[in-house]
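Novice: Sequence:
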Amino acid sequence: MSPLMHTDDIAVALPAARWAFDQVRAADRAHRYLNHVRSSQAFALNLFAPLDDRGVRRCFALLGIDAVKVEAPVFEYEDATDRIGEASTRSRHLTQVDVVLQCLDSNALRHRVLIEVKLGETDFGDCSAFQNPANDALDVCHQPGMFGGEPSRCFQLRNHGYGHRRYWDLLEHLVIEAPTDAADDGGCWVRADRSQPMRNLALGHLLIEQAEADVVTFALCAPSAHPTIWRRFEEFAAVLPGTDTVRIARARAEDVARLHEDEGATFFDRYGPALTGKAGGLALLHYEPLGELLGVWTQHAEQLTCYYRPGDDDGTGGSAIGENAVLGQDWDHLTERLPSSSPHVADWRALPCTPHETPHEIYQRLLQPVLPC
1 MSPLMHTDDI AVALPAARWA FDQVRAADRA HRYLNHVRSS QAFALNLFAP LDDRGVRRCF
61 ALLGIDAVKV EAPVFEYEDA TDRIGEASTR SRHLTQVDVV LQCLDSNALR HRVLIEVKLG
121 ETDFGDCSAF QNPANDALDV CHQPGMFGGE PSRCFQLRNH GYGHRRYWDL LEHLVIEAPT
181 DAADDGGCWV RADRSQPMRN LALGHLLIEQ AEADVVTFAL CAPSAHPTIW RRFEEFAAVL
241 PGTDTVRIAR ARAEDVARLH EDEGATFFDR YGPALTGKAG GLALLHYEPL GELLGVWTQH
301 AEQLTCYYRP GDDDGTGGSA IGENAVLGQD WDHLTERLPS SSPHVADWRA LPCTPHETPH
361 EIYQRLLQPV LPC
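Take 1 as the starting number for the sequence shown in the working numbering and just add one per residue.
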């Protein structure tokens, strides 16, 4: 078994979260790579499932909501009746929300919080219609504006030719701002990274329209040491704003974890490196799928240094992924973009080190490396 995949749910789930793993399995909503060490779904279950009623109330408080009566977290929520019109005879896929929290506040208002949880991803999902070879309106995809300024021709809103999706019906009343030049993808404003959060926001407006909630909050939850995904979220929120009834909010994963009964001790033991990011004294260990240590990277005085070809005792090893892959890049490139984009990258693990240890010296003390699980 590859060390990148836990053998079963018992190995990946925190004890207080096992009920949630059972729940998503029973509902047939477990992701294919739920047991992977980098699974955002497992991260979400382990983060929110251990919350008792007090923890859920305090989680609402993090979002500025004075909750009085709360319900247990719901995972992988979708609108089973498909009132947005996403399903078709070709595909039954519906927008799924990682975590939903529900409460009554002190004014008897019904709140629903739709939470998108990210662990290591560097962006949100792109528009599937843009890449579809059957798309007969690519010119719309390359035009600025919401749905390229021509919602009636948008291949996504026409459900790839199988119907009508209500995203624009639910969002057209918003005061929408054009993206900044730096955040502009060069075409439809929801063609790329804003597509997934746009669908969540539309679902929030549907819940208000159907009187299933008085206030909906769409929130991102991720480690604070993950600047890329937070930047992407702000780029989304700058274009598609919140309203009085459909709010946009943010929750740091480590703040939620501290609401666990053990104040997050078990969670931090499992996910510490992801939550601490690039704090000083960290090395990155690059493993291949069967657990062999391929290389070590460190950052000292803002300089990246690597050692590859373990066993090359002169300490000069060559890079297994090619120096050109990281030339001119930074620590975030190694920890965020490279693992998700390069077919040669299997997994990265963080390891504490002294400020002056070289990558070769770190490898020397890991001659028989053991992957933490």
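Misleading hints may appear alongside valid ones.
Claimed, not checked - Taking CB as the label site, the calculated pair distances span:
no., residue 1, residue 2, range
1, HIS93, GLU261, 44 to 52 Å
2, THR305, ALA11, 28 to 36 Å
3, GLY85, THR243, 41 to 49 Å
4, ALA27, GLY163, 37 to 45 Å
5, ARG90, VAL68, 41 to 49 Å
If you're looking for bench data, these hints aren't it; they were derived computationally from the structure. The beta carbon of each residue, even a glycine, is placed where N, CA and C say it ideally should be.
Novice: Run every hint past the structure and note whether it holds.
Specialist: Structure-based check of each hint:
The beta-carbon spacing between HIS93 and GLU261, approximately 36 Å, falls outside the hinted interval of 44 to 52 Å. In this structure the supplied range 28 to 36 Å holds for THR305 paired with ALA11, their Cβ-Cβ distance being about 34 Å. Roughly 22 Å separates the CB atoms of GLY85 and THR243, a value that falls outside the hinted 41 to 49 Å. As the Cβ distance of ALA27 to GLY163 is approximately 25 Å, the hint placing it in 37 to 45 Å is violated.
Taken as a hint, the range 41 to 49 Å holds for the pair ARG90 and VAL68, whose Cβ atoms sit roughly 44 Å apart.
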